[in-house]
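Line by line, the protein sequences are chains A and B.
Mapping of the first sequence onto our numbering: residues 3 to 170, in sequence order.
Mapping of the second sequence onto our numbering: residues 3 to 170, in sequence order.
Careful: at least some of the hints might be erroneous.
[Stated by the list, open to error] SDA-like, lysine to any residue: derived pairs with alpha carbons at most 25 Å apart:
id: 1; chain 1: B; residue 1: K25; chain 2: A; residue 2: T103
id: 2; chain 1: B; residue 1: K80; chain 2: A; residue 2: A117
id: 3; chain 1: B; residue 1: K25; chain 2: B; residue 2: G51
id: 4; chain 1: B; residue 1: K25; chain 2: A; residue 2: K102
id: 5; chain 1: A; residue 1: K25; chain 2: A; residue 2: A117
id: 6; chain 1: A; residue 1: K25; chain 2: B; residue 2: K102
id: 7; chain 1: B; residue 1: K25; chain 2: A; residue 2: R106
id: 8; chain 1: A; residue 1: K25; chain 2: B; residue 2: E114
id: 9; chain 1: A; residue 1: K25; chain 2: B; residue 2: R63
id: 10; chain 1: A; residue 1: K80; chain 2: B; residue 2: R43
id: 11; chain 1: B; residue 1: K80; chain 2: A; residue 2: R43
id: 12; chain 1: A; residue 1: K25; chain 2: A; residue 2: A53
id: 13; chain 1: B; residue 1: K102; chain 2: B; residue 2: A117
id: 14; chain 1: A; residue 1: K25; chain 2: B; residue 2: E125
id: 15; chain 1: A; residue 1: K25; chain 2: B; residue 2: Y111
id: 16; chain 1: B; residue 1: K80; chain 2: B; residue 2: D155
id: 17; chain 1: A; residue 1: K25; chain 2: B; residue 2: R52
id: 18; chain 1: A; residue 1: K102; chain 2: A; residue 2: A144
id: 19; chain 1: A; residue 1: K25; chain 2: A; residue 2: F60
[Claimed, not checked] For each label pair, taking beta carbons as the anchor points, the in silico distance ranges come out as:
id: 20; chain 1: B; residue 1: L74; chain 2: A; residue 2: A122; range: 40 to 50 Å
id: 21; chain 1: B; residue 1: E129; chain 2: A; residue 2: E125; range: 47 to 57 Å
id: 22; chain 1: B; residue 1: T103; chain 2: A; residue 2: R121; range: 28 to 38 Å
id: 23; chain 1: A; residue 1: R99; chain 2: B; residue 2: D20; range: 45 to 55 Å
id: 24; chain 1: B; residue 1: L74; chain 2: A; residue 2: N84; range: 29 to 39 Å
id: 25; chain 1: A; residue 1: A115; chain 2: B; residue 2: N84; range: 34 to 44 Å
[Claimed, not checked] Covered by chain B, per the in silico footprint, the following chain A stretches (three or more residues, Cβ under 8 Å):
id: 26; segment: 25 to 34
id: 27; segment: 123 to 133
id: 28; segment: 137 to 145
Because the hints were derived from the structure by calculation, they are not lab data.
From a predicted model like this one, the values you see are computed outputs, not experimental measurements.
A virtual CB, placed ideally from N, CA and C, is assigned to each residue, including glycine.
Protein chains: 2
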Amino acid sequence: MADGPTNSSGENLLFLTDEQLRKGIEAMFFAYRGFTADPDRILDEHGYGRAHHRALHFINRTYGTTVNNLLLVLGVTKQSLNRVLRTLIEDGLVESRIGKTDRRERNLYLTEAGAALERALSEAQRERMRAAYRAAGPQAVAGFRQVLEAMMDDEIRRQYNTLRERRT
Amino acid sequence: MADGPTNSSGENLLFLTDEQLRKGIEAMFFAYRGFTADPDRILDEHGYGRAHHRALHFINRTYGTTVNNLLLVLGVTKQSLNRVLRTLIEDGLVESRIGKTDRRERNLYLTEAGAALERALSEAQRERMRAAYRAAGPQAVAGFRQVLEAMMDDEIRRQYNTLRERRT
DNA sequence: CTTGGAATGTCAACAAGGCTGACATAAAAT
DNA sequence: ATTTTATGTCAGCCTTGTTGACATTCCAAG
C-alpha cells in the first residue's frame, strides 16, 4: 500500500517515481471534479456558479466578514468578487451593512434564504466527503488531511488553520 | 490524529461532525489552489491557461489519442476543447494527423516544443507534490490516495485506473 | 451501390467569472 | 486643511465554459 520502502519511523526513505507523482496529480484532478460535482448541479438550478458557492461558504463561516477579508481568502480580485456579491445581494441571499467603526467597510451576512442555500450546497458536498471518508477509513483520512495541508501555500495554510468551530 | 473513535479494525466507527467535514472541504479547496499555482505561473508567461495544461498533459499521457477520447477524459465539450487545441496546433506544440483507419478522427501528438512545455509544467507540479508527499510521509500518502479515489465519480475512477506506465 | 443516419470534428456566437483600469468615498497622515 | 491611503463599485476585456449549425466520413439497410 505504501509507495516505497520506509524505515521504522516512516520518514526520509520515500522513493517517488515520476509515474507515482503523475498518478497523484491525476487523482487530484479527477477527485476535485467529483468534489464539486454535486454542488454544481444545485447551483445550476439556481443560475449560480462555483464563485457564488465559495462566497456563500465563507460568508457563512465568518459571519460579518468584510469584502476585503473575503477576497484575501478567496484569492480573487475585489472586482471579480463584487460581481458575484452584487447578484447575491440583489437576490436577497446576502445582506451588506455599512461598517460601524469604519464606514468604508461592508459587513456581510447571509439572510435566511442565503443560509438555506448554503446549507443545501454544503450538505451535498459533505455527503460526498462523508462517503469518501467512510470508504477510506480514519487512518486514510488523517493522511489525506496531512498531504493536503502540505500542498497549500504557506499563507493559505495559516488562513486554513485559523478556522474555528462555529454553529450554523 | 484520527478523526474519531475506531475499533481494532479501524472501520465503521467514524463519527464525523459537520465541522470536521467542513474542514476537509476547505482543505481540498485550498490545496487545489496550491496544486495549480506553479503551473499557472508558467502558463501565464506563455499566454496559456489551465485548459492548455490539461490538454498537453493528457495528449502526452495517451500518445496519439483522438479529440473524442480527450474530451471524455477532460469532461468538457468538444467545442471548448477545440479552441484550446487549435491554438496549440497553430503554435506548433501539438500535431494533429488524420486517422489512418477512420479518416474522421484526428490523432494528437506533442511536438518537441509541446513535450518541452509539458515537461516544464508537470515538473513544477510534481515538485510540489513530491514536497507534500515527503512532508506527510508514506502512510499519509497511501491514505491521501484512498480518499481521493473514493471521492471520484464512478466512471471517472475507471478512467483513472486504466492509466498505465509510459515513457516520456 | 446508394442512401440515410450516426459519429467525428470545426466554426460561430453567447455566458460566467477571471482580470486591469478608473473612480467615489472614507479614513489617516502630514 | 490637504494630501495620501484604503475600501468598495462600475466598466470593459479575455479565457474558457456552453449550445447551435454544419461539413466530412463511416456504416448499415434497402
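Structure-based check of all given hints:
1. The suggested pairing of B/K25 with A/T103 is violated, with an alpha-carbon distance near 31 Å, which exceeds 25 Å.
2. For the given pair, B/K80 sits about 37 Å from A/A117 by alpha-carbon distance, which is inconsistent with the 25 Å threshold.
3. Proximity of B/K25 to B/G51 is assessed by CA-CA distance (about 29 Å); at most 25 Å being required, the pair is judged violated.
4. The straight-line distance between the Cα atoms of B/K25 and A/K102 is roughly 30 Å, outside the 25 Å bound, and the hint therefore fails.
5. Taken as a hint, the A/K25 and A/A117 pair is broken in the structure, with Cα atoms around 38 Å apart against an allowance of 25 Å.
6. Distance restraint check for A/K25 and B/K102: the Cα-Cα separation of roughly 30 Å exceeds the 25 Å cut-off, and the hinted pair is therefore not satisfied.
7. A hinted pair counts as satisfied when its Cα atoms are at most 25 Å apart, and B/K25 with A/R106 does not qualify at roughly 31 Å.
8. For the hint linking A/K25 to B/E114, the alpha-carbon distance of about 23 Å falls within 25 Å, and the restraint holds.
9. Between A/K25 and B/R63 the alpha-carbon distance is near 11 Å, which keeps this suggested pair within the 25 Å criterion.
10. Proximity of A/K80 to B/R43 is assessed by CA-CA distance (about 21 Å); at most 25 Å being required, the pair is judged to hold.
11. As the CA atoms of B/K80 and A/R43 are separated by approximately 21 Å, the hinted pair is consistent with the 25 Å bound.
12. Distance check on the hinted pair: A/K25 and A/A53 sit about 28 Å apart at the alpha-carbon level, beyond 25 Å; violated.
13. Using a Cα cut-off of 25 Å, the hinted pair B/K102 and B/A117 holds, with the two alpha carbons roughly 23 Å apart.
14. About 13 Å separates the Cα atoms of A/K25 and B/E125, which keeps this hinted pair within 25 Å; it holds.
15. About 21 Å separates the Cα atoms of A/K25 and B/Y111, which keeps this hinted pair within 25 Å; it holds.
16. Note on B/K80 and B/D155: the hinted pairing holds, with a Cα-Cα distance of about 21 Å set against a maximum of 25 Å.
17. A threshold of 25 Å between alpha carbons decides the hint, and for A/K25 with B/R52 the separation of about 18 Å falls inside it, so the pair holds.
18. For the hint pairing A/K102 with A/A144, the CA-to-CA distance comes to about 42 Å; that exceeds 25 Å, so the pair is violated.
19. The hinted pair formed by A/K25 and A/F60 fails the criterion: a straight-line CA distance of about 31 Å is larger than 25 Å.
20. Taking the beta carbon of each, B/L74 and A/A122 are about 30 Å apart, not inside 40 to 50 Å as hinted.
21. At about 37 Å, the CB distance of B/E129 to A/E125 disagrees with the hint of 47 to 57 Å.
22. The supplied range of 28 to 38 Å is broken by B/T103 and A/R121, whose beta-carbon atoms lie about 53 Å from each other.
23. In this structure, A/R99 and B/D20 break the distance hint of 45 to 55 Å, their C-beta atoms being roughly 27 Å apart.
24. Between B/L74 and A/N84 the Cβ separation comes to about 37 Å, which falls inside the hinted range of 29 to 39 Å.
25. Our hint of 34 to 44 Å for A/A115 and B/N84 holds, since their Cβ atoms are close to 40 Å apart.
26. Restraint check on the segment 25 to 34 of chain A versus chain B: 10 residues with Cβ-Cβ distances below 8 Å, three needed, restraint holds.
27. A stretch counts as covered by a chain when three or more of its residues have a beta carbon under 8 Å from one of that chain; for the segment 123 to 133 of chain A and chain B the count is 7, and the coverage holds.
28. Given a C-beta distance limit of less than 8 Å, the hint that chain B covers the segment 137 to 145 of chain A holds, as 9 residues qualify and 3 suffice.
Hints 1, 2, 3, 4, 5, 6, 7, 12, 18, 19, 20, 21, 22, 23, counting from the list given before, are not met by this structure.
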